[in-house]
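Assemble chain B onto chain A, guided by the hints.
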Amino acid sequence: DGGITQSPKYLFRKEGQNVTLSCEQNLNHDAMYWYRQDPGQGLRLIYYSQIVNDFQKGDIAEGYSVSREKKESFPLTVTSAQKNPTAFYLCASSHRAGNTIYFGEGSWLTVV
Amino acid sequence: ELKVEQNPLFLSMQEGKNYTIYCNYSTTSDRLYWYRQDPGKSLESLFVLLSNGAVKQEGRLMASLDTKARLSTLHITAAVHDLSATYFCAVDKETSGSRLTFGEGTQLTVNP
Chain A
1 DGGITQSPKY LFRKEGQNVT LSCEQNLNHD AMYWYRQDPG QGLRLIYYSQ
51 IVNDFQKGDI AEGYSVSREK KESFPLTVTS AQKNPTAFYL CASSHRAGNT
101 IYFGEGSWLT VV
Chain B
1001 ELKVEQNPLF LSMQEGKNYT IYCNYSTTSD RLYWYRQDPG KSLESLFVLL
1051 SNGAVKQEGR LMASLDTKAR LSTLHITAAV HDLSATYFCA VDKETSGSRL
1101 TFGEGTQLTV NP
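Sequence order for the protein chains is A and B. For the first sequence, the working numbering assigns the number 1 to the initial residue and increments by one for each residue that follows. For the second sequence, the working numbering assigns the number 1001 to the initial residue and increments by one for each residue that follows.
Looking at chain A on its own, in the form it has when it is part of the complex:
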């Protein structure tokens, strides 16, 4: 089936650790995105990539890093520099600008 797969669905992180959230899509979409959602709030853009080997910071990029080595993959690393990482993380993709953006099932990250 075509879609966006995020893993893991639930992740616990100790303070000071880096963690990487996986996002894979088999929709042949050019653009991929990472959003963060805090309880009771809307989504905020962390990073986005419109083409392989290129990505741009979104509105809240500090403490996060990404790579786009393959068209279908856009992993997000939450570094120890991110002071309040507990949130719901959503990966998304789209064919190109102006097209519908589709979301994965999300990953819950909790700092313990």
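Quick caveat, the hints were computed from the structure, so don't treat them as lab data. Just so you know, these numbers come straight off a predicted model, no measurement behind them. We put the beta carbon where it would ideally sit given N, CA and C, even for glycine. Heads up, some of the hints might be wrong.
Here are the in silico distance ranges between beta carbons for each label pair [to be verified]:
hint	chain 1	residue 1	chain 2	residue 2	range
1	B	1050	A	110	15 to 23 Å
2	B	1077	A	95	27 to 35 Å
3	A	81	B	1112	42 to 50 Å
Chain B in isolation, oriented as in the chain A frame:
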């Protein structure tokens, strides 16, 4: 800075009633998206509105866009319990790529 405001933020309505959710945004944009989110789940795309005067309908939901007023509406007709969810509007802040700015969401509860 692009701001997107939804109102109301919370809406409780009875089955069979009609209501409208409003989405105002602060800068010029020709692309507006509506999404639905069930508790603990990802976002489901409902509508993509790409031009002034665009109107789209799916079942009991109808969305419209007035780019001159910087306003989109999501109208609910004869609400049913299954429509209970949080509804987000999102505006594309760039013409060269899809960088969505989301509203805070409207939490809709439809009571029997």
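Can you list which hints this structure breaks, lowest number first?
1
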